[in-house]
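Chains as they are written, first to last, in this note's numbering: chain A, 1 to 114; chain B, 1001 to 1114.
If you're looking for bench data, these hints aren't it; they were derived computationally from the structure.
Being a predicted model, the structure only gives us computed values, none of them experimental.
Straight-line Cα separation of at most 30 Å, DSSO-like style, residue types lysine-lysine; simulated pairs:
#	chain 1	residue 1	chain 2	residue 2
1	A	K49	B	K1009
2	B	K1057	B	K1009
3	A	K49	A	K68
4	A	K49	B	K1057
5	B	K1009	A	K106
6	A	K61	A	K49
7	A	K68	A	K106
8	B	K1057	A	K106
9	A	K49	A	K106
10	B	K1009	A	K61
11	A	K61	A	K106
Now for the letters of each chain:
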Amino acid sequence: AQSVTQPDIHITVSEGASLELRCNYSYGATPYLFWYVQSPGQGLQLLLKYFSGDTLVQGIKGFEAEFKRSQSSFNLRKPSVHWSDAAEYFCAVGARQAGTALIFGKGTTLSVSS
Amino acid sequence: DSGVTQTPKHLITATGQRVTLRCSPRSGDLSVYWYQQSLDQGLQFLIQYYNGEERAKGNILERFSAQQFPDLHSELNLSSLELGDSALYFCASSVMQGAQETQYFGPGTRLLVL
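Input sequences plus hints: build the corresponding full structure.
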């Protein structure tokens, strides 16, 4: 079955520290990969996406993610976290064809301590 | 701001009632997806429309239906509401770059069934 696993339900990071959020997927073929962020009371904002090519992709707000095919992973990273990064982060996968719904992980809530 | 609009932002209603949620996609996007976000199920795909036609169905209950109009806005109709239908309902519209599709989400409609 197709699925996305975000092993960490909640992570707390100090402001200025680095961050890595884990995402593993189970899919029949290499999917398209996405990270979205949801701030409290807000919708889902696209952080970055991977379709093909360079396995290290850059996104908005200083985030990056690395696709590792051998590990079926697409971990999200940021070198220095800001208090405004506190939010819920969702990893999602989609099929390599148009018109396919995304499958989301359960999300990781990030808290930032001062 | 993703460019996807949803109304209303909040909706409070009673069990057994019927409600309609509205979504306007980004200018030029032909595809609309509906998702439900609940605490126990996470983000689940409900249904997709493309240029007025239903394209795919996910975990959508028979009490729920949707349509996409000629101006491409979409409505999700929820009837015979139950307490368990309380959730955040998102719509997303998508942009195609060849076979690569990116979904952009609206701010959501928070439904509370009492």
